[in-house]
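**Student:** Listed below, chain by chain, are the residues.
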Amino acid sequence: MKFFERLLGRRHEPSSGEVAKERLRLVLAHDRTSISPALLDTLKDEIITVISRHVAIDAESVQVTFSQSARESRLVADIPLLTTRGRRK
Amino acid sequence: MAARAITITSGKGGVGKTTLVANLGVALAMQGQRVVIIDADVGLRNLDVMMGLENRIVYDLVDVIEGRCRLRQALVRDKRLSELFLLPAAQTRDKSAVQPDDMVRVCESLQEQHDFVLIDSPAGIEQGFRYAIAPADEILIVTNPEVAAVRDADRVIGLIEAEEKGPARLIINRVKPDLVRRGEMLDIADVIELLAIDLVGIVPEDKAILITTNRGRPLAFSSDNSLAGRAFHNIARRLRGEDVPFQPLRGSGVLERIFRFVGLE
Numbered sequence: 001m002k003f004f005e006r007l008l009g010r011r012h013e014p015s016s017g018e019v020a021k022e023r024l025r026l027v028l029a030h031d032r033t034s035i036s037p038a039l040l041d042t043l044k045d046e047i048i049t050v051i052s053r054h055v056a057i058d059a060e061s062v063q064v065t066f067s068q069s070a071r072e073s074r075l076v077a078d079i080p081l082l083t084t085r086g087r088r089k
Numbered sequence: 001m002a003a004r005a006i007t008i009t010s011g012k013g014g015v016g017k018t019t020l021v022a023n024l025g026v027a028l029a030m031q032g033q034r035v036v037i038i039d040a041d042v043g044l045r046n047l048d049v050m051m052g053l054e055n056r057i058v059y060d061l062v063d064v065i066e067g068r069c070r071l072r073q074a075l076v077r078d079k080r081l082s083e084l085f086l087l088p089a090a091q092t093r094d095k096s097a098v099q100p101d102d103m104v105r106v107c108e109s110l111q112e113q114h115d116f117v118l119i120d121s122p123a124g125i126e127q128g129f130r131y132a133i134a135p136a137d138e139i140l141i142v143t144n145p146e147v148a149a150v151r152d153a154d155r156v157i158g159l160i161e162a163e164e165k166g167p168a169r170l171i172i173n174r175v176k177p178d179l180v181r182r183g184e185m186l187d188i189a190d191v192i193e194l195l196a197i198d199l200v201g202i203v204p205e206d207k208a209i210l211i212t213t214n215r216g217r218p219l220a221f222s223s224d225n226s227l228a229g230r231a232f233h234n235i236a237r238r239l240r241g242e243d244v245p246f247q248p249l250r251g252s253g254v255l256e257r258i259f260r261f262v263g264l265e
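So the sequence lines, in the order shown, correspond to chains S and A.
Using the working numbering, the first residue of the first sequence is number 1, and each one after it goes up by one.
Using the working numbering, the first residue of the second sequence is number 1, and each one after it goes up by one.
There are no misleading hints in this set.
Pairwise CB distance ranges (calculated): (1) S:Thr-42 with A:Val-49: 47 to 53 Å; (2) S:Ser-69 with A:Asp-137: 24 to 30 Å; (3) S:Thr-42 with A:Gln-73: 57 to 63 Å; (4) A:Gln-99 with S:Thr-49: 46 to 52 Å; (5) A:Glu-126 with S:Ala-38: 26 to 32 Å; (6) S:Asp-58 with A:Pro-167: 41 to 47 Å; (7) S:Leu-39 with A:Asp-137: 35 to 41 Å; (8) S:Pro-14 with A:Asp-198: 24 to 30 Å.
Derived by calculation from the structure, the hints in this document are not laboratory data.
Yeah, the Cβ is synthetic: ideal placement off N, Cα and C, and Gly gets one too.
Given the sequences, and given the hints that come with them, work out the whole structure.
**Tutor:** Structure below.
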């Protein structure tokens, strides 16, 4: 059944193994850095405040996330700038 | 040559540390190595029953540390393999009876006359874990392909790195290939990717483990007709520096290769 669904391009439910891996990826990122999701939100808010003081940014679209490679974690901030010609998108 | 002290630890309990220590001890001794296995789980000793040596204990680790006997007197010789010894944990004491320095001293005195000292760490990351890793030249992390076990393994790997004890190597225990095949279990490649440390063994789930444990005769004694038994012997050979190849775990046909590796297809 799954095979036909995939053949027809329908999205299949991820298997529990895939779900486990995704959940672990996030949990480990937080465990390793001791940065909680709440702290991540705080960081995001303060980054927005500081940067908005100097340049116009699209505060709604700011993303602060973890990236993980081997045993290194890094904090990645994606901050869309507003151009003089108006908002992006 | 001085013995290598190898601590087997996991963070989470119940992942198969003690079974692994018993079987690796047997496998190494069967391969001609002089081996001591130390039960470091003071207060909750079990390595003795896994080995079937529970009736032969006179003294224990804490007796040695507190000077009630000499180290030699506390070592229980396994009659089935003349170069395999057990140093049992105390059962009526707790982990505050042992300090990291005590373990270092005990392992130092075992250096001369043995090739391997395997230390069965208690679960957790408290005192017992601390003294179990103190004398380690190498550390093996045991995990199961399961969310809680992998998370705890990661925490322990972090602590070991912080203590500059690493690099630790990984043993993935209780892999159920039928579940992996259906996508209902983390596969080997997932676990290695998440934990990002070197793999030294994969042990499939095997009913024979329970049966041999019931009898107090570790599976590694009769390795020929069981998958897990062969896996223990392969790990022992890798610990001795032999290059027992792993099948590639990435690329096309990942699952098939893993299954072939664990001998199921």
